[in-house]
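Student: Below are the chains, spelled out letter by letter.
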Amino acid sequence: MELHILLIFMIFAAIVAIEVNDLLSSVVAVGAVGFALCVAFLILKAPDLAITQLVVEILCLIILIRATIKRDLPLVIEGRWVFNTFVTIIFIVVFLFLSYFVFKELPAFGQPIMRVANLYLNEGVLKTGSVNLVTSVILDFRAYDTLGEATVLFASIIGLMAVLRSPGRKGKGKV
Amino acid sequence: MVNNKAGMTLIVKTITRLTVGLIMLFGIYIVFHGHLSPGGGFAGGVIVALSFVHLMLVFGKDFAMAKISRNLASNLESVGALMFLFVALLGFLGGSFFHNVIAKGKPFDLFSSGTIILSNISIGLKVGVGLFAIFLALVVLEMAKKE
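These protein sequences, in sequence, are chains G and E.
Counting from 1, one number per residue, gives the positions in the first sequence under this note's numbering.
Counting from 176, one number per residue, gives the positions in the second sequence under this note's numbering.
No lab work stands behind these hints, which were simulated from the structure alone.
This structure is a prediction, so every number in the text was calculated from the model and none was measured.
Idealized CB from N, CA, C, for every residue including glycine.
Don't take each hint at face value.
[To be verified] Interface residues of chain E toward chain G, partial, derived using beta-carbon atoms under 8 angstroms:
no.: 1; residue: A181
no.: 2; residue: V302
no.: 3; residue: F310
[Said to hold, decoys possible] Below, in silico cross-link-like pairs of lysine to aspartate or glutamate (DMTMM-like), each with a Cα-Cα straight-line distance of 25 angstroms or less:
no.: 4; chain 1: E; residue 1: K279; chain 2: G; residue 2: E57
no.: 5; chain 1: G; residue 1: K104; chain 2: G; residue 2: D48
no.: 6; chain 1: E; residue 1: K279; chain 2: G; residue 2: D48
no.: 7; chain 1: E; residue 1: K281; chain 2: G; residue 2: E123
no.: 8; chain 1: G; residue 1: K127; chain 2: G; residue 2: E57
no.: 9; chain 1: G; residue 1: K127; chain 2: E; residue 2: E317
no.: 10; chain 1: G; residue 1: K45; chain 2: G; residue 2: E57
no.: 11; chain 1: G; residue 1: K127; chain 2: G; residue 2: E105
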């Protein structure tokens, strides 16, 4: 149920990102899609992907916003410093309070839970027929990830060849 | 066959002529044995690409471009990507995306593990030719800058 709400929200945000006229609003809408995807990964019980998605999304969002805004944003330091300091301290306290509970739940160092990994190690050869377990994970259990990686490589090569194509080939005949 | 003016000296050319085939063969070996030993499509593809880069550094741009041109490189890369996608779609015969439908065979055999070896070959083709295409694009850019 939550997943469907998230998916509808993501589709809506993606349509907004395409249709809106302002470039900055479009970037913010794309960021909303990314954060919703992060929550969707959490609901689907893939916290590792959620963390990756969160980090990459924040980085991409900052770069995109920096690229869209031409003028420098003014850095305001005078005025309201009491309020700013107060809010900062409250956020730090909340963060530390929550991270206390999170760190209590973590498995001890050097003793991973191995719930999924045990399955891969014990049944990998039987299920895939591949003796190299790394290959059995990246090309069978998690082949979808590898497809994504291959797509990233493909897109980067296309982009590189488009940027680096021999310049002025069109105008060479004229000159 | 070899243009004496382009590229490096005779010593380097002779050694390269002997070794470049072996390097490429090693890359292909890594790709084909991806399910048996460390390595796989990505690593083997890089080694194959390096053999072409080697050829280009030693014999010059034109010799390597005669072996594999930029258009051929782009086309082969697309073929590799489509092949990987085809392997993925093949899984629908067994019910789901990337389902391993081909018979698994005996472990430790070369032709075992079903679709994994096909995926390795397609990824190797894609990565090898793609990296060479990047190198080619960079070299051509440098040449155009000098002119």
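Student: Could you run down the list of hints and mark each one as holding or not?
Tutor: So, going through the hints one by one against the coordinates:
1. Here the hint on E/A181 is broken, as its CB sits about 19 angstroms from the closest CB of chain G, past 8 angstroms.
2. Annotation: E/V302 was flagged as interfacial toward chain G, and the flag holds, the nearest CB pair being 7 angstroms apart, inside 8 angstroms.
3. Checking E/F310 against chain G: minimum C-beta separation of about 10 angstroms lies over 8 angstroms; hint violated.
4. Under the criterion of a C-alpha separation no larger than 25 angstroms, the hint pairing E/K279 with G/E57 is inconsistent with the structure, at around 39 angstroms.
5. This hinted pair checks out: G/K104 and G/D48 have alpha carbons roughly 18 angstroms apart, not beyond 25 angstroms.
6. For a cut-off of 25 angstroms, the pair hint linking E/K279 to G/D48 is broken: about 30 angstroms separates their Cα positions.
7. Note on E/K281 and G/E123: the hinted pairing holds, with a Cα-Cα distance of about 15 angstroms set against a maximum of 25 angstroms.
8. A threshold of 25 angstroms between alpha carbons decides the hint, and for G/K127 with G/E57 the separation of about 35 angstroms lies outside it, so the pair is violated.
9. Distance restraint check for G/K127 and E/E317: the Cα-Cα separation of roughly 49 angstroms exceeds the 25 angstroms cut-off, and the hinted pair is therefore not satisfied.
10. Restraint check: the Cα-Cα separation between G/K45 and G/E57 comes to about 19 angstroms, which is no more than 25 angstroms; the hinted pair holds.
11. For the hint linking G/K127 to G/E105, the alpha-carbon distance of about 32 angstroms lies beyond 25 angstroms, and the restraint is violated.
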